[in-house]
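Line order of the protein sequences matches chains L and B.
To convert, note that position 20 of the first sequence is 20 in the working numbering; the numbers rise steadily by one, no gaps.
Quick note: to get the working numbering, add 772 to the position in the second sequence (first position is 1).
Hints should not be assumed to be uniformly reliable.
Stated by the list, open to error - Beta-carbon label-pair distances, calculated as ranges:
#: 1; chain 1: L; residue 1: Val-703; chain 2: B; residue 2: Arg-930; range: 47 to 53 Å
#: 2; chain 1: L; residue 1: Trp-75; chain 2: B; residue 2: Glu-938; range: 37 to 43 Å
#: 3; chain 1: L; residue 1: Glu-385; chain 2: B; residue 2: Leu-821; range: 37 to 43 Å
#: 4; chain 1: B; residue 1: Arg-930; chain 2: L; residue 2: Glu-106; range: 46 to 52 Å
#: 5; chain 1: L; residue 1: Leu-694; chain 2: B; residue 2: Arg-786; range: 54 to 60 Å
Everything labelled a hint here was simulated from the structure, so no lab data went into it.
Cβ atoms here follow ideal geometry from the backbone N, Cα and C, with glycine treated the same way.
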Amino acid sequence: MTRTPTRRARPKTTLRPQPAVGVSVPKRDGEEKVTGRALYVDDLKFPGMLHGRTVRSMVARGIIRRVEFDPAFDWNGVVIADHKDIPGLNCVAHLTEDQPLLAVREIEHADQAILLVAHADPERAQAALGAVRVEVESIDAVLSIEDSLAARVKIRGADNVLKEYNIARGDLAAGFADADVVVEGVYRCGHQEQLYLENNGMIAERTAEGGIVVRGSMQCPYFVHHALQRTFGLPPERIRVIQTVTGGGFGGKEDYPSLLAGHAALLAWKSGRPVKIVYDRLEDIAATTKRHPAVVRVRTGHRRDGTLVATDVDAVMDGGAYVTMSPVVLSRGALHAGGAYRCPNVRIRARAMATNTPPNGAFRGFGVPQTVYAMESHMDRVAAELGLDPLVLRRRNAVVVGDVTPTGQVLHESVSAVEVLDRTAERAGWAEKRRRYGRENAAAERAERAGRFAPGGRRLRRGIGLALGWHGAGFTGGGEVRLNSLAALDLSPEGRPRVLAANVEIGQGAITVFTQMVAERLGVSPDLVLVETPDTDRVPNSGPTVASRTTMVVGGLLEQCARAMRERLELFAERALDGDADFRRVARRFLAERGPLRVERRYQKPAHIVWNEETYQGDAYPCFSYGAVAVEVEADLDTGEVRVLRVTTAQDIGRAIHPLLCIGQIEGGTLQGLGWALLEEVRWKDGRIWNHQLTNYIIPTAVDAPPLDVLIVENPYSGGPFGAKGVGELPMDVPAGAVVAAVAHATGARMDEIPITPERLLRALDGREERR
Amino acid sequence: MRAALSTLEVARPRDLAHALKLLHASLDAGRLVPLAGGTDLFVTLNSGLVPGRRFLDLWSLRELRGVRDQAGRLVLGALTTFSEIREHALVRRRYPALAAAAAEIGAWQVQNRGTLGGNIANASPAGDSLPVLLALEAVVHARSVRGTREVPFTALFRGYRDLALEPDELITAVSLPDPDAPPPLRAGAARRGAHPPRAQQFFRQVGTRRAQSISKVALAGLLRLGRDGRVDLARVALGSVAPVTLRAGRAERVLLGARPSAAVAAAARAALLEDIAPIDDIRSDREYRRRVSGNLLEQFLRVADPRFARR
Ligand SMILES: Cc1cc2nc3c(=O)[nH]c(=O)nc-3n(C[C@H](O)[C@H](O)[C@H](O)COP(=O)(O)OP(=O)(O)OC[C@H]3O[C@@H](n4cnc5c(N)ncnc54)[C@H](O)[C@@H]3O)c2cc1C
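Taking the hints into account, I'd like the entire structure generated from these sequences.
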């Protein structure tokens, strides 16, 4: 299956096409989604297909004592699979192989999968679920970071630590000794659900040749491919993974689909029939991965003018019951924990702790939102303690070209921390609003004391807060080298260029951007470029669609492929190519005379990038993107509710290949950041997620979304295609710190835990009123 | 959808009489569950809780539709949707608190489909129209094969989700007195001045986000000052702070007959805490609800009369 662009009338002249890069061309997948023609995994049906359901643990930790199948239930036509049916390893292969596909004896988190049932009728499958009774003997569980650190109950080794990193630079003790002021704070943040519109879903088939085909909603076809090889003990060529149209991911379809594909495939393997498992929202929220909660202690030393001389960060994240993605989430969080600031003496310690909760996984930002939120909240506190304008404090310390990060990485180019701060502040009217809100709040306070109230009798206060963030594009350290990505470009039989990559469209615009970059280099219009469906039988392994890497890394490979293809065709034609029609003429002639044309490019590490995995020193990322956010809020003193009035943000992403899609990423990521900071709270009861419904897991609605004023800054990175860096995650990293600062400005309450729910804020405000 | 929809049946009655007959007849063999807009019922079905296997579709019953002004009482058919209420000119003029509540329920899609009768019969302590109907002293019109009955809203909720209706009764309508109608003349008392002052109406629900939010606290109020400057009508009703939507009788009694002052407001606030019994639950906690209930009462009082906030 090839995704073809929708036909639009195009003049039949051979005018040289307009530039393709930097233009907001129609989104390649837009029309089929808007018109409802796009088929998601739940829209697909196969003859003889069964519907799978998952029997899960109700307790957080325990021992399975008995599994009972209700004898009164009609089990005809029900397929049942448990761990004994797994032909290969009972594991979900990620970085480590500690997570079982199905529980054997030990239960390590609530909603852990124990066995699978399937039936041709989804209603019978659902009923069968209710006819299985699993008796689990409950044992003491570890349910929080604090409990895990205390290690009274040990669930991992002697100390419950899943992974630890230490990063050091300079002389910390000397730095603190040198400081005029030392400020310390502890900052907490909770779980967050990705809440893609389309729930996780997968269909698996066992092939006549004894192989497996799975289709489904996913970000990383080759992760699934790898995991299935381990589970089924099959060689790579017997496994085929095909991405179906995917309704959002945000990291929630990075690691989890490997598990779900294993479940569907196991049922298909056992029954010999296609099996579909599609979660409903209740199951998806209860069982799938979340953002890691974190407790981050930050201690910094400053000169009186705010200059940072020492930074000591201790970040602890809740990894959940298994290792899964925690080491890499933690690593990225640690590498960004110092913020986009220059500091000669730094110590960063980061630990991921085991708890008896469902494994936390990838989520937009991947550890960075947690540590950047902590650092930015902290900087606002420092500004208050030093009596400095938060903008001035940040400008004084923000990194510039030539500065060195905590891992010793010299920032050689494309460093825009100061520029994004300045442009955000200027556009938001920072200085003026800071003064004005302060004045108005004081006036409101006086008026209310005199019995004069705003219309509607409300007691409202406004504030503005600022934050700065950074995000390294691509895999951390040697990650890209290990991925060893391969992307290709070939010619379709009709003489059109065709992108072959495993990177997926999940709504973010990846395939549109690929067509633009290829088109630009081939001198054709993006419409001419085809994109192959990510299918492991058809596309090479260009790596996962994660880590803000797709445009920069894979787009870069495709751009090189396009250059090479053009060279080949021009050599063949013995002249320059000239637009769409000419390209197709030459391409068809090439196919006829020379046969197929396929150009491949593999990732090459730029020579100047050096990373030492042992010492955690060197170039953690090829480059960073930078963003600043100003958030204006209105807090209601009677209810503790905080409304975001306006967000202004400038983000340097190198080059906007498709400006509108970039704005979309920035708006969406910012709103997700606002939700995390103010509304979204996963609530737990006896180790299970209590609010696993959209009614009670509160995300912002369209009317909660404030006006978002987005400024794209383009400070090109020489190693990225057309200068592009990453944009996908940065917008999620920055807003929370700005929200905390804005709430502090509005109400005087400095909230050290997010989300700032109305309950938390009102408690803090009441505490202050009582102290008066 | 966790409920097995294919196992469910839906009866489509011809008219109200037919519906009542079907409902009555069903009592012996599994009661037919009345189905209005379905916005509550489908949520339960989706989560796999099956309120019944057989449903009685009310949607086409014309007898349950329409909004009429009958001799100063407004009669709203049970199937009146919140969109209709939100946009109804007379509702907006005479019952602004009800219009405000209608506009806060879910969002437009739910307001287009969700009905007043369904909100009442669902009997959730968080139902947003309920405090307003309680404060307006609405009357619920119920009907069964045995005939019609009127149940004052104040007597409607017997306990958590326990409605003072028979299983074969349908809600047909809700009627509202005009809060600003002049009181009936007492013998001998001459009416002074043509227009008595209007009662101030208030509604606010607190639910964290600005749409699609189930109330953590909702407060509806009615307050009128007499010519002598004393409160001569005080009604305060709250949702989500007890097993049922309730009138804050103690707080009302503090207000009634009092002259507005900050001290009276403080006393009413203290009394309110005796009226309500909020709990910690999935949406919020007891402390927050107590605090916010008091804050909303104060906000209501200062909107109704600024003197409540001054010395
Ligand atoms: C997304 C969403 C958001 C929501 N937000 C809110 C909100 O903000 N505030 C709020 O209060 N509610 C909210 N609700 C709940 C719901 O929309 C309301 O309670 C609505 O008024 C129910 O009306 P309905 O006609 O859809 O009831 P149905 O679902 O059809 O019925 C509800 C109950 O009432 C019974 N019933 C219905 N009509 C009658 C009748 N005439 N006589 C006897 N019994 C009857 C039914 O048998 C059933 O038990 C929300 C629901 C959804 C899905």
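Results of checking the hints against the structure:
no. : hint                                  : verdict
1   : Val-703(L) <-> Arg-930(B): 47 to 53 Å : 36 Å, violated
2   : Trp-75(L) <-> Glu-938(B): 37 to 43 Å  : 42 Å, holds
3   : Glu-385(L) <-> Leu-821(B): 37 to 43 Å : 53 Å, violated
4   : Arg-930(B) <-> Glu-106(L): 46 to 52 Å : 48 Å, holds
5   : Leu-694(L) <-> Arg-786(B): 54 to 60 Å : 37 Å, violated
Violated hints, in rising order: 1, 3, 5; the structure is consistent with all others.
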